[in-house]
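Residue numbers (my numbering), protein chains in the order written: chain A, 2 to 253; chain B, 19 to 310; chain C, 5 to 279.
No wet-lab data here; the hints were simulated from the structure. Among the clues, some could well be false.
[As the list claims (entries may be wrong)] Derived list of chain B stretches under chain C, where covered just means 3 residues or more per stretch with a C-beta under 8 Å from a C-beta of chain C:
| id | segment |
| --- | --- |
| 1 | 55-62 |
| 2 | 81-91 |
| 3 | 149-159 |
| 4 | 259-271 |
[What the hints assert, rightly or not] Cβ-to-Cβ under 10 Å is the rule here; a few derived chain A residues that face chain C:
| id | residue |
| --- | --- |
| 5 | P71 |
| 6 | C104 |
| 7 | G108 |
| 8 | G109 |
| 9 | F110 |
| 10 | R126 |
| 11 | R130 |
| 12 | R131 |
| 13 | E134 |
| 14 | E177 |
| 15 | A180 |
| 16 | G181 |
| 17 | M182 |
| 18 | Y226 |
| 19 | K229 |
| 20 | I230 |
[Claimed, not checked] Pairwise CB distance ranges, derived in the manner of DEER restraints:
| id | chain 1 | residue 1 | chain 2 | residue 2 | range |
| --- | --- | --- | --- | --- | --- |
| 21 | C | L263 | A | R126 | 49 to 57 Å |
| 22 | A | Q84 | C | T172 | 35 to 43 Å |
| 23 | C | E11 | B | V146 | 56 to 64 Å |
| 24 | C | T172 | A | E134 | 51 to 59 Å |
Here a beta-carbon is modelled for each residue, glycine too, at the ideal position from N, C-alpha and C.
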Amino acid sequence: MLEIRRVRKQFGGFTAVDDVDVTVEVGTIHALIGPNGAGKTTVFNLVTGVLPPTSGRIAFRGTDVTGWRPDRITGLGVARTFQNIRLFREMTAVENAMVARHCRTRGGFLRALARLPWREPVSERETRRRAEELLEVVGLSGRRDALAEDLSLVEQRRLELARALAVEPALLLLDEPAAGMTPPEIRELNRLIRKIRETGVTVLLTEHHMSLVMEVSDVVTVLSYGRKIAEGPPAAVRRHPRVLEAYLGPGA
Amino acid sequence: MLLQQLVNGLMLGSAYALIAIGYTLVFGVLKLVHLAHGEVFMVGAFVGLQIVLWFGVGAGVALLGALVGTALLGMVIELVAFRPLRARGAHFLAPMISTIGVGIVLQEVATKVFGAEQVGFPHRMEAVTFHLGPVTVTSVQLLILGTSVVLMAALHVFVTRTALGMAMRATAESLLTARLLGIKTNGIILLTFAIASGLGGAAGVLIGLSFNAISPFMGIDIGVKGLAIMLVGGLGNIYGAMAGGLILGIIEILSVAYLASSYRDAFAFALMILILLFRPQGLFGSAYHVEG
Amino acid sequence: MLDQYRESLLIFLGINVVLALSLYLPASAGLLSLGQGGFMAIGAYVSAILTAWVGVPFVVALVGAGLAAGLVGLLTGFPALRIRGIYLIILTMGFGEIVRIFFLNFEPTGGASGFGGLAHLTGLGAVTVVVLLLLVFAVQVRGSRIGRALEAVREDELTAEVMGINLTRVKLSAFGLGAVWAGLGGALYAHHALFIDAGQFGFFRSAEIFLIVLLGGLGSPWGAVVGAAVVTLLPELLRPIQEWRMTFFGSLLVIMMVLRPWGLVGRSRRRMVHG
């Protein structure tokens, strides 16, 4: 599904991602973990086209997307949530989800003109229906018309998820989806992620909540200071000496 | 011939530099563009003119008077259009839009008070010409160059050697840190406006003398040109502004001498647009300031 | 029906609504332009050339004016793509000045003496039709896919792009279309004022248009009507304001910024610019 080949990202003298190789298989839930500053979010930014890699290749479903613009990559079927929540604050929940349908629909100014005032065009109705469906999935139906900025933190995270799903991605990138959640909420998130996988979406997530990572992932890749130091099923990785060292310090 | 044009360009450019420095000072301290600065320049020219007309004194006194007068005006502008917005934590564009309003007010008031036509300095101020080798300069041009050099040098010394100057640089680097260090940032900002506006007013008198044309409408043109120079020189960079001003002055004079004269004013804007497109941090700025 | 004076006032009101909408459209994508006067000038002069020299019907002149302004809008839109916030404002100011200086010196259209002797082709009917068309357009856009895209771009460009929106296409079309409408406004203006010169389309004009949109807020296209009404009609009702028109507008700008940066109309949730 996703191939990250010898990718490096340098900012001036600082190497955020150093020769990283990751392959995400179709239909898996793949976790990317590592201490703060390990380069996880940078990898996300590279995959979604927000940043161009300094060197290396990124391929999605066989297509080389290295250096592509973000909206083109999204069009291919990649969607993401943001660690620090980047919702469109002045739009309602349903509008946020509807916006994400942009790359799956068509129509610009001319199509807008053709809209008859007393009847919503089919594509609009369809967009709205899909958006509301997704809000239902994440449990936000009741807050459909609330402004994004008026939602609680957990509701905002759910909306981020719904919005990303509205893109109809084949690959979903979740950037610390459990941040700030209580254990019951994390269990709910776990359930949701599995449900998403069941619909055929591949998931790549970064997280600090080890319990969630261990329970939900099929494969775990560990980064430290921009380098991959371990990869494998959760049970193997958690006992890996270099991983322990990265998190707990030398001599752990 | 070319040498003569270069000299002329230098003279004009040094006056431009003064205006650009004013913009740069305010931007450096507040990270905002003072869009009424051009009108302050215009007011300076009129103040200088009025002083000459009322008191019959020479250019030097007029210059001084304009400097002081516009410095005061600058402080008023800060208190009325910038400070209240800072206090309210308004969006970053709000103060700049507010200065657009101030500029408009200044221009119309000047039109009503002084009339809309162009006026000039009285005859007694006519220039004396000197011949220095292949080059001819007028006393007015020497005054412009001299004043600009003195003012820029004074500014340089002030900013690098005095405690107040360093306080200003500290505030420009980081308002918060400066405040934490006990610097009275509000006072520093007021001082910055005073200096910036004073320089602008002085430039007003100098340009007014140079072209012998003062009108309430000279502000907008110069205003946008000053902006262009600041952008070309690099935002927040005083020395960049000086260099940018000189460059523009030379380009304008050369364009008058060798190309179609009437499109002269467009060069500033064309240059600015080019810079915005290809090197937004200006010729001497750092890339840091670029994100709007 | 209406005396000539009142009719003229309404026509100016309509023209101001058109101009306000011309800024409203790009502004709703976060593109603040202080150079709409420049596009207005292009529309005015092109339409004048078409009616006075080529002798085409008014409708053709209108279309020509809009297209010409739109073309220039697309050209200037490209640099605008990479620039935001205050830089864009300055860039558009510079553009406006360049256009003004151009027409000031362009002898074939009169240069500094201006272009006069235009026929009065702008009737109340014509203006009303154009205003209604543009208002309907703007309202239709608002609740549509492209309208959502515009707003997303305004709120958070980066996220909008990641969500699959092509920034270039959205920004260029908003900017270009805004230029077309400003050109229409210019053409309507030219054939009502009957005389145009470069000075009428300078910075003051752009600032006035900006003020109208500011007053009306970005919450809804109807704000443009409210803003235009305030700016056009208020000076007529209050004598002192009429004589000190620009001082009034300038002070209004300052006061608006201090008290209500987001305009009189539209839900307060609509902020003016990128947060």
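Enumerate the violated hints, using their earlier numbering and listing them in ascending order. Result: hints 1, 2, 3, 4, 10, 11, 12, 13, 14, 15, 16, 17, 18, 19, 20, 21, 22, 24 break, sorted rising.
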